[in-house]
Amino acid sequence: MTDYRSLVKKIPYAQSCGIVCRDEGYGIQFTLKADERFIGNPTIRAFHGGVINGLLGCSMRLTTMHAQNLESPPELVSITTTYLRSAKIESDLISSAKVNRMGRRVVSVSAKVWQKRDGEELILVAQAMASLRILENKIA
Amino acid sequence: MTLMKPNIIEFREYLSRPEFWDSYVGLSGVHSDLGIKIIDVGEDGVTMSFSPTASMAGSDGTNSCDLGPVATVMDSAMGMSVMLSLEEFSSIATLELRTDWIDNPKANCEISVRTKVDNVMEDLVFVQAEAWQEGSEAPFCRGAARFMLTRGEGNLSKVIMDAAKEQEFPDKRESL
Chain A
1 MTDYRSLVKK IPYAQSCGIV CRDEGYGIQF TLKADERFIG NPTIRAFHGG
51 VINGLLGCSM RLTTMHAQNL ESPPELVSIT TTYLRSAKIE SDLISSAKVN
101 RMGRRVVSVS AKVWQKRDGE ELILVAQAMA SLRILENKIA
Chain B
1 MTLMKPNIIE FREYLSRPEF WDSYVGLSGV HSDLGIKIID VGEDGVTMSF
51 SPTASMAGSD GTNSCDLGPV ATVMDSAMGM SVMLSLEEFS SIATLELRTD
101 WIDNPKANCE ISVRTKVDNV MEDLVFVQAE AWQEGSEAPF CRGAARFMLT
151 RGEGNLSKVI MDAAKEQEFP DKRESL
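Quick note, the sequences are listed as chains A and B, same order. Take 1 as the starting number for the first sequence in the working numbering and just add one per residue. Take 1 as the starting number for the second sequence in the working numbering and just add one per residue.
Chain B on its own, in the form it takes in the complex:
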């Protein structure tokens, strides 16, 4: 078994603290645009939510939320779960995402997504997700994805941790 690197332990600690969630959300243009919120970061998965607006509707007839925003939140929540499941920092990339639409989401009703990491292999991580709405027990959409550990440029974990450190120690920005 590989020992967890100290920076990964620190990364998990930062992401378990709600005061740093906004700095993570603020890093990505698409997160800010959709108004994504982190609800919970646990050992077994991540929960995120957003409030769909009329401009996110997938049909002018129903005003039900489109695939795009739901897939965006799923992909982000799954990606965060993958970063938290690793034993050392790595850049990651979504290889494949499948979503099954069990029902149409209701209009003007907050959408939440929770994830669960199924398996972490040497280069691949398998994750699943469910999207549901307030007042409903059953998910309206299920997702499954495969992520690859690319170990190249674009290591978001380190950027997230640096942003959190900058928030916690604003005077020590130079030394980060």
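Okay, chain A solo, but in the shape it has when bound:
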């Protein structure tokens, strides 16, 4: 059985933000709890874009690490994030990632971030595509 808490510990930033992950059957789901310290624009009380970017990055790197049985998270080469709407600080952010192409050294990954609005409806907040690099000595 996978210990998902030890997975998040691999990225100290994810741990300090309070990101938690669990297996939802279709893949790992990452949750970032809403907190005042993540507010970017105080007038609309929304999550800062950089925090959303950080969640997407952690989601992609940890999903790849878990899927490929790596010893440590792969390094980021590039990431492009598209913001679709502002994410108000009133509810948590949920993210999941998908490995699209696994090369020997470079992995192509995508991820999305949603937020629950008006009760239960999940709204897509942002999505990202990234290239990650696997270090040779990090393959378990």
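Don't read these hints as lab results, they were simulated from the structure. Treat the hints loosely; a few may be bogus.
[Stated by the list, open to error] Restraint ranges, calculated between C-beta atoms of paired labels, are given here: (1) Met102/A to Cys109/B: 30 to 38 angstroms; (2) Met102/A to Asn7/B: 21 to 29 angstroms; (3) Asn7/B to Asp23/A: 50 to 58 angstroms; (4) Gly61/B to Val106/A: 18 to 26 angstroms; (5) Ser32/B to Met102/A: 36 to 44 angstroms; (6) Val120/B to Arg37/A: 30 to 38 angstroms; (7) Pro170/B to Asp118/A: 49 to 57 angstroms; (8) Arg117/A to Ile102/B: 21 to 29 angstroms; (9) Gly27/A to Pro170/B: 51 to 59 angstroms; (10) Asn7/B to Val77/A: 39 to 47 angstroms; (11) Ser16/A to Asn119/B: 53 to 61 angstroms.
[Said to hold, decoys possible] Sample of chain A residues lacking proximity to chain B, with all beta carbon distances greater than 10 angstroms (derived): (12) Asp35; (13) Thr43; (14) Gly49; (15) Gln68; (16) Glu75; (17) Ile79; (18) Ser91; (19) Lys98; (20) Asn100; (21) Lys112; (22) Lys116.
C-beta atoms are modelled at their ideal positions from N, C-alpha and C, and glycine is treated no differently.
Dock chain B against chain A, hints included.
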């Protein structure tokens, strides 16, 4: 050519004065949390910096700073550049941010970000940024972003200027 509105001229004047930079940083929870500092506000761009801590590391093996804090400072510095490049107040939103990681940032070493506005269109602004560390000539990360002028709620420029005015004239708070 559109004439700059007086409040934009005033906004630029306030942001060019270092004594008001802390009031801008204090407005946002994430800025305070990361300890972001404004280093320079010029006509051609903005420079911000922060000191990464062990809790901001992107890997427990390297202690190199994670994407999240770097992207946060880039997005904030780019956003401020956009606000300063406009001829009238507008709320803005980041549409897209791309970052290329040329190298891993060194652990426990201050990170600085400088921006440059490429083009201001009717509804879009294109900005680029570089992140580098002390003792290194070359950036470890390059960013490019597109911002949209949303002209709706959430106009941060006005809030920043009001905070600066409140700092300068604390007794006239009621009249702001």
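Return the numbers of the hints above that this structure violates; sort them in rising order. 2, 7, 8, 11, 12, 13, 14, 16 and 17
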